[in-house]
Amino acid sequence: MKKLFREFFKGVIKENPTFVLALGLCPTLAVSTSVVNAVGMGAAATFVLMGSNAMVAMIKNNIPAKIRIPCFIVVIATFVTIVEMVLKAYTPGLNRALGIYVPLIAVNCIVLGRAEAYASKNTLMNSLFDGLGMGAGFTLALTLISSIREYFGSGKIFGYALSHKFEPVSIFGMPSGALLVIGILLILFNRLKGRKS
Amino acid sequence: MKNKLTVNISPHLHNNESVSKIMWIVGISLIPAGAAGVIIFGLNALTVMILGILSALVTEWLMQLLAKRRITILDGSAFLTGLLLAYNLPPGVPLWLPAAGSFFAIAIGKQVFGGLGQNIFNPALVGRVFLMASWPKYMTTFTKPLNFDAVTSATPLAVLRESGVIENISYLDLFLGRRGGCIGEVCILALVAGALFLFWKGYISWHIPVTYTAVFAAFVYAFGGDGLFRGDWFFHILTGGLILGAFFMATDYVTSPLTRKGQVIFGAGCGILTAVIRLWGGYPEGVSYAILMMNAATPIIDRFTRNRIYGTMIPVNRK
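Protein chains in written order, with the working numbering: chain F, 239 to 435; chain B, 91 to 409.
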């Protein structure tokens, strides 16, 4: 049980997919304009990560090594399709806001990266928790980036206005602002990590 | 005998120059343009300048403190960045705007890369573009010249973009700065005086500013009118931030190429990009974007214009 928890927390901090592994940055840049989008994207990616990790861990011994990547992609795409259909059916607004980035989870480097680097070598339960941890880390990173961007870019959090004491810095809502915020957070993250070790 | 001969390694000849001296003298050469800006737009322009400089100095100090670097706020470079940023702002901006711009210019444009000499982009222009992207409303509201009731008026280039015709304004007015515009860019006379001073001191060479202006003028003359070779190139040189940009910002040592050949390419690139943005782009003015784009191209220009060292073979491009 302790080991499972370690697998989970590893994804949140020590191997955070966004800030440490620097994987899956395109969806991070694209959907972090508002916290609602970010949480939705994070949840979708977490589901896909858990599903694909579990599935890959189960069938890893039956996949020939030479064609493992196409097999992983088929597994991942299956889960992405499920997510996309669910989003379309129950949260059409969120689906519209996330747009093309929902189907693009299929080629998100985090998902394929974890399937290749972790799930294809580890047991089912470990892989499941690794997926959960990675998903949580991704969601947290997205939430952090998007709260900074939404607050400075439009003066709102979760779509609610917090204060009107300053003029929104609209660059934070633009793609360049996303790169800036991620860069500054990476500096802070590396700094904190460096201090610890 | 032993004590009388000192053996020393080269260089044996020194002159008195230092980075800090050059920075302060460039600052001095910008005084006429600033004074003209204050005369034309009133004391508000002076406040904007002071706030820009103060914020740049404080940010430099804070960032160097945070990064545990040597504190060098008095070497003139942060002063110059703040001053140049203020010159690139409209005179009637709210007073927090120059402070925010200078903060961004120094913190993100310069110190994040490692301080003076390490930055890829001209910090003052980074600050200006940040403000332009963040608060376009303030950055495009200009006050009327020689009118102290804060009446707004468009710049000649903005009028040209809106209506497609060149405003009826004399070349003399443009030359002396009786037009709407940013604080430091309006008075061409003062800018040219400052630039001549720098040429005389040998701090800037003609390569970048002259090719920049000439290529720009040729391009506008060729494509800027209602037919080939009918553009009003003189109007285009005198308006906007072209002179300020070409003589004081494109010539920044850190972000421009090292060799003469490279500087000519750099200047020509700036000229073409500025003309393209002004004639067909979305903004009325393109000097800052043109210089920033060429800043990004500077490393590659440097790589392909390396001078041949005398007495050696043509250098092989190492990886």
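Hints listed in this document are in silico derivations from the structure and should not be mistaken for laboratory results. A virtual CB, placed ideally from N, CA and C, is assigned to each residue, including glycine. Hints may be right or wrong, so weigh each one.
Said to hold, decoys possible - Below, computed lysine-lysine pairings styled on DSS-like, alpha-carbon distance capped at 25 angstroms:
hint, chain 1, residue 1, chain 2, residue 2
1, B, Lys227, F, Lys431
2, B, Lys227, F, Lys394
3, F, Lys298, F, Lys359
4, F, Lys240, F, Lys394
5, F, Lys359, F, Lys241
6, F, Lys304, F, Lys359
To be verified - Cβ-Cβ distance ranges computed for the label pairs, FRET-style:
hint, chain 1, residue 1, chain 2, residue 2, range
7, F, Ala355, B, Arg160, 37 to 45 angstroms
8, F, Ile320, B, Phe394, 31 to 39 angstroms
9, B, Trp151, F, Lys359, 50 to 58 angstroms
10, F, Gly421, B, Asn106, 55 to 63 angstroms
11, F, Ile307, B, Gly372, 41 to 49 angstroms
12, B, Phe313, F, Ala355, 30 to 38 angstroms
Margin query: For Lys227 of chain B and Lys431 of chain F, compute the direct alpha-carbon distance and say whether it is at most 25 angstroms.
Written below: violated, 41 angstroms
Item checked: Beta-carbon spacing of Phe313 of chain B to Ala355 of chain F - inside the hinted bounds 30 to 38 angstroms or not -> violated, 54 angstroms
Check: Given the hinted pair Lys359 of chain F and Lys241 of chain F, is their alpha-carbon gap at most 25 angstroms?
Finding: This hinted pair holds, its Cα atoms lying about 16 angstroms apart.
Checklist line | Cβ separation of Ala355 of chain F and Arg160 of chain B, checked against the hinted range 37 to 45 angstroms | finding: Taking Cβ atoms as reference, Ala355 of chain F and Arg160 of chain B lie about 43 angstroms apart, which means the hint holds.
Check: Does the Cβ-Cβ separation between Gly421 of chain F and Asn106 of chain B fall within 55 to 63 angstroms?
Finding: Because 40 angstroms falls outside the window, the suggested range is violated.
Notebook entry, point to check: For the pair Ile307 of chain F and Gly372 of chain B, does the Cβ-Cβ distance stay inside 41 to 49 angstroms?
Noted result: holds, 43 angstroms
Item checked: Agreement of Lys304 of chain F and Lys359 of chain F with the hint, judged by alpha carbon distance not exceeding 25 angstroms -> Status holds; Cα separation ~15 angstroms.
Next item on the list: Measure nothing beyond the straight line between the CA atoms of Lys298 of chain F and Lys359 of chain F; if it is 25 angstroms or shorter, mark the hint as holding.
Entry: Distance of about 8 angstroms is within 25 angstroms: holds.
Check: Okay, Ile320 of chain F versus Phe394 of chain B on CB: inside 31 to 39 angstroms?
Finding: violated, 52 angstroms
Item checked: Lys240 of chain F paired with Lys394 of chain F [C-alpha distance capped at 25 angstroms] -> Violated, at about 39 angstroms.
Checklist line | Agreement of Lys227 of chain B and Lys394 of chain F with the hint, judged by alpha carbon distance not exceeding 25 angstroms | finding: It holds: about 20 angstroms lies between the C-alpha atoms, which stays within 25 angstroms.
Item checked: C-beta pair Trp151 of chain B, Lys359 of chain F: status relative to the range 50 to 58 angstroms that was hinted -> holds, 51 angstroms
Hint check: violations occur at hints 1, 4, 8, 10, 12; the rest are consistent with the structure.
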